[in-house]
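There are 2 protein chains.
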Amino acid sequence: MNEEINLYFITKWKSQFKKGLLEYIILLLLRSRPCYGYELISEMNQFTSLEIAEGTIYPLLNRLKKEKLVTSEWAEMDTGIPRKYYKLTEEGTAHLMVMREYVDALNLSIERIKESV
Amino acid sequence: MNEEINLYFITKWKSQFKKGLLEYIILLLLRSRPCYGYELISEMNQFTSLEIAEGTIYPLLNRLKKEKLVTSEWAEMDTGIPRKYYKLTEEGTAHLMVMREYVDALNLSIERIKESV
DNA sequence: CATAGTATCTTGTAAAACTAGGTGTTTTTT
DNA sequence: AAAAAACACCTAGTTTTACAAGATACTATG
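For the record, the sequence lines run as chains D and V. For the first sequence, position 89 matches number 111 in the working numbering, and the numbering has no gaps at all. For the second sequence, position 51 matches number 73 in the working numbering, and the numbering has no gaps at all.
Calculated from the structure, these hints are not laboratory results. Hints may contain errors.
Note that the list lumps identical chains together, so a pair holds whenever it fits in one copy or between two copies.
With a Cα cut of at most 30 angstroms, we get these calculated DSS-like pairs of lysine-lysine [what the hints assert, rightly or not]:
{"hint": "1", "residue 1": "Lys-90", "residue 2": "Lys-136"}
{"hint": "2", "residue 1": "Lys-106", "residue 2": "Lys-136"}
{"hint": "3", "residue 1": "Lys-109", "residue 2": "Lys-136"}
{"hint": "4", "residue 1": "Lys-109", "residue 2": "Lys-88"}
{"hint": "5", "residue 1": "Lys-34", "residue 2": "Lys-136"}
{"hint": "6", "residue 1": "Lys-36", "residue 2": "Lys-90"}
{"hint": "7", "residue 1": "Lys-88", "residue 2": "Lys-136"}
{"hint": "8", "residue 1": "Lys-136", "residue 2": "Lys-87"}
{"hint": "9", "residue 1": "Lys-136", "residue 2": "Lys-36"}
{"hint": "10", "residue 1": "Lys-36", "residue 2": "Lys-88"}
{"hint": "11", "residue 1": "Lys-88", "residue 2": "Lys-40"}
{"hint": "12", "residue 1": "Lys-40", "residue 2": "Lys-90"}
All figures in this text were calculated on a predicted structure; none of them were measured in a lab.
Throw the hints in and build the complete structure from the sequences for me.
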C-alpha cells in the first residue's frame, strides 16, 4: 500500500470529469432561483469539490443561453458592479429533467458495477 | 408541460457527460477481472446507458497503459481472434481509490443541491 | 493610493470523445 | 459455397470545451 499517486493524472482526470457535469450542476443550481455568474462560481466552490474558473462559466452560460435553456437579465445594483442574472426557462427545466434521469440511471449502473466485486 | 426537448443539445451533453467518467468506469470494470477492449465496450453498452465506440476505448486504454494504471497482455485463443487483455496495476488500484472518493464526494454534493429546493 | 475583492468578458491552448475509416478472422445467414 | 454479420484490433482528423491568462471596471479596506 501507500502507492505513489500520479497527481498529474488525477488533476487531469478531475478536470476531465467536470465536462458535462458542469452544465447539469449549473442548471440544478438555477432551478431554485436566478443567479449571476460570479455567484454560481462561489456556490460551486463552496458546495462541491469542483473548483471552476471564470473562463469556464461565462462561455458555458452563453452556450446555455444560445440553447434557450436560460435567459439573462442585467440588474443594476444600488452600489457595486451590475450583475447579469441567469434564469432557467421552461425549456431549461424540461431539459434538466431529462438530464437528471440520465444521471440517476448512470449512477445506478455505476453502483451496480461497484457492488459486483 | 410537454416542452420540446432539443435532442441535439441532449445528445451533445450526453456525449460530453462521458468525459472523465469513462476512465473511472473502465477502471472500476477492470477491478474485478482483466478484460479485453471489445469486451469492455459490450459490458459498458450492456450495463450502462453510455454507448461508447471503439475509436474511444482503444486510445483510452493506451492512455491508461502509458500512465501505468493498467498493463496489457496478448492472449492467443484456441479459436478466434487474439485478444489483448488489460489488467489493473497496484498503481491503478490506488488511483481508482482516489477517484472513487472524489466521485462519491461529488455525488453527495449534487444530492445536497438537489434537495435544497 | 494601493491592494484585494467583486463582476463581467475574450483569446488561445490542450485534451479527449467521436466519426469514419482500415485490417483481418470467425461465425451465421442466405 | 458465397455473403453478411459479428468479433477484435487500430489510427487520423474533427469538434468540443475547460482552463490559463489576460482585459476591463467598480468598491471597500488598510
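_Identical-chain pair category, Lys-36 with Lys-90, by Cα at 30 angstroms_ = Intra 28 angstroms, inter 18 angstroms, cutoff 30 angstroms: intra and inter.
*asked:* Treating 30 angstroms as the Cα threshold, decide for Lys-136 and Lys-87: within, between, both or neither.
replied: between (37 angstroms within a copy, 22 angstroms between copies)
_One pair to classify: Lys-88 and Lys-40, alpha carbons no more than 30 angstroms apart. Within, between, both, or neither?_
Answer is both; intra-copy 21 angstroms and inter-copy 22 angstroms each pass.
*First find the shortest C-alpha distance between Lys-109 and Lys-88 inside one copy, then the shortest across copies, and answer within, between, both or neither for a cut-off of 30 angstroms.*
within (13 angstroms within a copy, 44 angstroms between copies)
_Reference check for the pair Lys-36 and Lys-88, CA-CA at most 30 angstroms: within, between, both, or neither?_
Cα proximity of Lys-36 and Lys-88: in one copy and across copies (27 angstroms, 18 angstroms).
*Tell me, please, which holds for Lys-106 and Lys-136 at an alpha-carbon limit of 30 angstroms: within, between, both or neither?*
Between copies, since 24 angstroms is at most 30 angstroms while 42 angstroms is not.
*asked:* Regarding Lys-136 and Lys-36, is the shortest C-alpha distance of 30 angstroms or less found within a copy, between copies, in both, or in neither?
replied: For Lys-136 and Lys-36, the Cα distance is within 30 angstroms both inside one copy (19 angstroms) and across copies (22 angstroms).
*Identical-chain pair category, Lys-109 with Lys-136, by Cα at 30 angstroms*: Between copies only: 17 angstroms across chains, 37 angstroms inside a chain, cut-off 30 angstroms.
_Status of Lys-136 relative to Lys-90 across identical chains (alpha carbons, at most 30 angstroms)_ = Between copies only: 22 angstroms across, 37 angstroms inside.
_Within, between, both or neither, where Lys-88 and Lys-136 count as close if Cα-Cα is 30 angstroms or less_ = between (38 angstroms within a copy, 25 angstroms between copies)
*At most 30 angstroms between C-alpha atoms: does Lys-34 with Lys-136 qualify within a copy, between copies, both, or neither?*
both (23 angstroms within a copy, 27 angstroms between copies)
*asked:* Checking an output row: Lys-40 and Lys-90, CA cutoff 30 angstroms. Within, between, both or neither?
replied: both (22 angstroms within a copy, 23 angstroms between copies)
This entry satisfies every hint, going by the numbered hints stated previously.
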